[in-house]
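One-letter residues, chain by chain:
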Amino acid sequence: MVADAYAAAFDVISGDVGVPAAVRALRRAAFDRFSALGFPTPKNEDWHYTSVAPIADQEFALLASRTGDIGRDDLAPFSFGVGAGDWHTIVFVNGRFAPELSDLRKLPAGVEVTDLATAWSAPDVAERIGSLASHESHAFTALNAAFAQDGAVVRIARNVEVGRPIHLLFVTDAAAARAMMHPRNLIIVERHATATVIETYASATDSTYFTNAVTEVTLGDGSSLRHYKIQREASRAYHVGTIEVEQARDSHYVSFSLATGAELSRTNVYTTLDGEGSGATLNGLYMLDGEQHCDHQTQIIHAQPNTFSRELYKGILDGRSHGVFNGKVYVRPIAQKTDGKQTNNTLLLSDTAHVDTKPQLEIFADDVKCTHGATVGQIDQAALFYLKSRGIANALARRLLTYAFAADVLETIEVDAVREGLERTTLERFV
Amino acid sequence: MSLLVIKDLKASVAGKPILKGVTLTVETGSVHAIMGPNGSGKSTLAQVLAGNPAYEVTSGSVSYNGRDLLAMPPEERAQAGIFMAFQYPVEIPGVSNAYFLRAAYNEVRKARGEDEVDPLEFADLMDEKLELVDMDSSMLNRSVNTGFSGGEKKRNEILQMAVLEPKLGILDETDSGLDIDALRIVANGVNKLKRPNNATIVVTHYQRLLNYIVPDFVHVLVSGRIAKSGGKELALELEEKGYDWVTELAGASAS
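So the protein sequences, as listed, match chains A and B. Going left to right, the first sequence walks through residues 1 to 431 as my numbering numbers them. Going left to right, the second sequence walks through residues 1001 to 1255 as my numbering numbers them.
Any given hint might turn out to be false.
Cβ-Cβ distance ranges computed for the label pairs, FRET-style [to be verified]:
1. B:1124 to A:54: 52 to 58 Å
2. A:159 to B:1141: 33 to 39 Å
3. B:1117 to A:358: 25 to 31 Å
4. A:420 to B:1181: 34 to 40 Å
5. B:1244 to A:358: 44 to 50 Å
6. A:411 to B:1211: 21 to 27 Å
7. B:1058 to A:378: 52 to 58 Å
Source of the hints: derived by calculation from the structure; they are not laboratory data. A quick note: this is a predicted structure, and the numbers were derived from the prediction, not measured. The beta carbon of each residue, even a glycine, is placed where N, CA and C say it ideally should be.
Make a model of the complete structure from these sequences and hints.
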């Protein structure tokens, strides 16, 4: 039985004595919680449109040690064309830190990028795990806390502005077949610090495996973080990724979630605007084909007055794919003058693609400005005729319009290499 | 030779008959003006010639350069040298004007068996074409027609025409909504593109445009049929007497 498989895996990992006591205690509590919760079913409102049966019904092995045979050249497709040394890069192969592939030599003063399995010996790191992403109600977060073996810890000290992006690159190869990986990341941006973190999940294989990542982000007063999550898992892989953010006064969190890989994927981006003047920009793009299923759930809690949020998610669905978007915005009674805007646009390229979009606003303050809108449509016929009337063949015209639909949200990416890289990816996919 | 031969063309939009038997022949080297009151079918004729699928041809024939035009999809018509300047150019956010123009140019070249041009070669070509319509090269970096003023959109249409160098240019009410300066620029562009081996059909509601683009022939469309044809003086007569005059003529001939 699958439950027995997780119990057996837990017996192995809980016997790992090299791990700090605080982490072992967290693992135990999280595993007990996961055992009680079980995998979510569609009866759970948060999983209404996404069945995780393909994950729940299969056994995935926990890799006991570092595996894989990845060279630097294998990373090129996921490096956005930037040369060695241009970015600060920490690489994980099949879930484990790969120091020989990482490039952290040029980290400026006040910036730490370390692997969790080393960093958690420090008590303040161990304590932070689970402080934002609780395992109490989320089964996948509990599963991650029980089985996390590695991940990245990024800490930006006060007033430090990091110019070069920091890339957390999680890559799998054939050794990850039938395995599960539970990367756990911590990002701490202290008061008035600024940074860009790119979190990539990619694969050099077409194996079936299961990634279940959790990233906790703490933003201090007046800090800002651009956080781009790039999900390009193998086409038969499963991916669940949760990002939980806590924002202090005047902080700004900018998130972009790209999802093109995996047979079944779910990305959660949750932020709490817990300081006056703080704001969040959550954008995303998912491009699906075949039998792919991709679910995004975002949650923005306006917990203080004068906070703002902007959200634009776009989906391009072809084949028999299924896209899901659920955007929750909560405005607490104290959060007057909240300014929120949420948009989800879907382009359907086939008659058999399917979308479920669910904006959800719960507003308990009376002086706020909140809007949401969702559109689902096909290629615009007037625009299609316009292009064709200029000699552009039907197939190219359709691809150009599809690209244009995506370009509108890709334009919001402020790191040139990332934006141009994703524009290229999109153009190659459709043109 | 005759570039375009339209015979007894009938067409409908959403099941409603608009063109009720149009017959017209256009020779190379000539400029034909199609005038007429609102709802007479002028724009429908332009759309049908360009191949807009929203318009259904119910009977009649159109021969272009000896080919059956109605059997060709819109992109093939364009590749074969037909160009319609839209009355309402479509905005396409996310596609740059430069990319769009080069894609169109290369598709047309490919159809003619010519090599595609790269962005650098194309940029050189554009410098010359932009001048023709008094446009700044910054227009190339903007998304197609997105946020353009009415005048900019129409100039962008003529720019496309200049790039594609059609054999048959069809201007669908290109003058509507233009101030006199924009009108002069647009008309000047069209005149400079005139060649002995191409032809232009100017669809317009007003005589004003024809002061700048001088037609060889003027046809007045009323209720989906050509009610009267003549030389450029017919346009002046129309301006003076109004469309009621031909509408009555059409009524008299029909009864």
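Against the structure, the hints come out as follows:
A beta carbon spacing of about 55 Å between residue 1124 (chain B) and residue 54 (chain A) agrees with the range 52 to 58 Å that was offered as a hint. In this structure, residue 159 (chain A) and residue 1141 (chain B) meet the distance hint of 33 to 39 Å, their C-beta atoms being roughly 37 Å apart. Distance hint check for residue 1117 (chain B) and residue 358 (chain A): the Cβ-Cβ separation is about 48 Å, which falls outside the suggested range of 25 to 31 Å. Judged by the Cβ atoms, the range 34 to 40 Å given for residue 420 (chain A) and residue 1181 (chain B) holds: they are separated by roughly 39 Å.
Distance hint for residue 1244 (chain B) and residue 358 (chain A): a CB-CB separation of about 58 Å, inconsistent with the stated range 44 to 50 Å. Restraint check, residue 411 (chain A) to residue 1211 (chain B): a C-beta distance of roughly 43 Å breaks the suggested window 21 to 27 Å. For residue 1058 (chain B) and residue 378 (chain A), the hinted distance range of 52 to 58 Å is not satisfied, since their beta carbons lie about 27 Å from each other.
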